[in-house]
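Student: Listed below, chain by chain, are the residues.
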Amino acid sequence: EAQVTQNPRYLITVTGKKLTVTCSQNMNHEYMSWYRQDPGLGLRQIYYSMNVEVTDKGDVPEGYKVSRKEKRNFPLILESPSPNQTSLYFCATSRKLQGKRNTEAFFGQGTRLTVV
Amino acid sequence: TQLLEQSPQFLSIQEGENLTVYCNSSSVFSSLQWYRQEPGEGPVLLVTVVTGGEVKKLKRLTFQFGDARKDSSLHITAAQPGDTGLYLCAGVLVLNFGNEKLTFGTGTRLTIIP
Chain H
1 EAQVTQNPRY
11 LITVTGKKLT
21 VTCSQNMNHE
31 YMSWYRQDPG
41 LGLRQIYYSM
51 NVEVTDKGDV
61 PEGYKVSRKE
71 KRNFPLILES
81 PSPNQTSLYF
91 CATSRKLQGK
101 RNTEAFFGQG
111 TRLTVV
Chain B
1 TQLLEQSPQF
11 LSIQEGENLT
21 VYCNSSSVFS
31 SLQWYRQEPG
41 EGPVLLVTVV
51 TGGEVKKLKR
61 LTFQFGDARK
71 DSSLHITAAQ
81 PGDTGLYLCA
91 GVLVLNFGNE
101 KLTFGTGTRL
111 TIIP
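First to last, the protein sequences are chains H and B. Residue numbers 1 to 116, in my numbering, belong to the letters of the first sequence in order. Residue numbers 1 to 114, in my numbering, belong to the letters of the second sequence in order.
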């Protein structure tokens, strides 16, 4: 079964304590990205990766890091979390719809992060 | 700056009624997608519209892409409780070297009351 798997699903942490949210996909997609979802703001892209060792900033990258050492994994790293990073985070992979220049995104189930 | 505004932000209606959700932008998109998200899950793609003026139907859901490819609407006929969820539009922008970026709307939370 095609899947995007995030861990953990829920996390409560304290300000300044480094954390990593993992994302793994089994669909062999080149493109992966991280979003945060906040009420009234929709999904905002944090970072994305076009392929292994190729990453770039999205719309709200401050306070986050990513790495793409292998195709299937794209971890999100918060070196020093702050309360304003409390949010619902989604990892997504994308593929090209056959014969068309459109990007269909497949999402993980989300990670609800609370920073106190 | 939010490129895609959805309205209404919240909508609660009785089962059997019709409704329309709007997605508006000042930007032109190469295509536009609609996703539905249920509690505890990630968004799932419903449809992609590509051509200005295009209309696509998915059972009781009708999606339309504006003629200028800046806006879209989702119309639901005879809403059912199973339609409850968060609806997100997403515009596809073509970047350099053929890369594409999805920009999501602010979302419409729909509740259908039995």
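Derived from the structure by calculation, the hints contain no laboratory data. Some clues are possibly wrong.
Okay, derived cross-link-like pairs now, DSS-like style, lysine-lysine, Cα gap no bigger than 30 Å in a straight line [said to hold, decoys possible]:
(1) H:71 / B:56
(2) H:18 / B:101
(3) H:18 / H:69
(4) B:101 / H:57
(5) B:56 / H:65
Student: Are any of the numbered hints broken by this structure? If so, which, sorted upward?
Tutor: 1, 5
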